[in-house]
Amino acid sequence: MQAERGFTLIELMIVVAVIAILAAIAIPSYQDYVARSQSSVGLMDIRSGMTAFEELVQLGRGTSITAPEDVGLNTSSSRCTSISVVGGSTGNITCTLRGNPAIDGFALSLTRDASAVPRWTCTSTVPQDKHKPGNCL
Numbered sequence: 001m002q003a004e005r006g007f008t009l010i011e012l013m014i015v016v017a018v019i020a021i022l023a024a025i026a027i028p029s030y031q032d033y034v035a036r037s038q039s040s041v042g043l044m045d046i047r048s049g050m051t052a053f054e055e056l057v058q059l060g061r062g063t064s065i066t067a068p069e070d071v072g073l074n075t076s077s078s079r080c081t082s083i084s085v086v087g088g089s090t091g092n093i094t095c096t097l098r099g100n101p102a103i104d105g106f107a108l109s110l111t112r113d114a115s116a117v118p119r120w121t122c123t124s125t126v127p128q129d130k131h132k133p134g135n136c137l
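Using UniProt numbering, the first residue of the sequence shown is number 1, and each one after it goes up by one.
Source of the hints: derived by calculation from the structure; they are not laboratory data. Predicted model only: the values in this text are computed from it and were never measured. Errors might be hidden in some of the hints.
[Unchecked claim] Just the calculated beta-carbon pair ranges, DEER-fashion:
#, residue 1, residue 2, range
1, SER48, GLY88, 18 to 26 Å
2, LEU12, SER76, 26 to 34 Å
3, GLY105, MET13, 26 to 34 Å
4, GLY134, LEU59, 38 to 46 Å
5, SER48, SER115, 20 to 28 Å
Beta carbons are placed, not taken as given, at the ideal position from N, Cα and C, and that holds for glycine.
Just need the whole structure built from these sequences, with the hints factored in.
Structure below.
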């Protein structure tokens with residue numbers, strides 16, 4: 001009598017079931033990771049405008065800021081369908097996000113606080129905290 005070699009059908013079905021369970025756990029986590037990383041890229045796209053904005057405010061030309069180009073930004077980027085700027089001592093820089101459906105159309109804003117020591121605050125309209133950049137409210 002010859003010894004049987006190979007896998008039985010039940011063994012293969014168990015392996016497929018285990019892989020399906022692992023995929024059911026991993027895929028949503030990966031989608032959340034992608035959404036958060038894309039919103040972080042959007043924030044980085046506008047963060048570079050803070051320095052030029054701050055410099056113009058310190059020179060007394062904060063109210064002359066009317067367009068993203070005034071602070072060295074483009075009007076859109078890989079993760080921002082539009083970038084807008086509001087000048088003044090308490091101005092802001094806003095990115096309307098694109099990409100993952102969880103963040104598409106929502107906004108990230110960097111707002112300048114004109115107190116004694118100026119600082120910038122990040123706020124977001126992204127509904128779920130897990131999809132926001134780490135330092136955004």
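How the hints compare with the structure:
no., hint, in the structure
1, SER48 with GLY88: 18 to 26 Å, "holds (20 Å)"
2, LEU12 with SER76: 26 to 34 Å, "violated (50 Å)"
3, GLY105 with MET13: 26 to 34 Å, "violated (43 Å)"
4, GLY134 with LEU59: 38 to 46 Å, "violated (32 Å)"
5, SER48 with SER115: 20 to 28 Å, "holds (23 Å)"
Comparing the model with each numbered hint stated earlier shows that hints 2, 3 and 4 do not hold.
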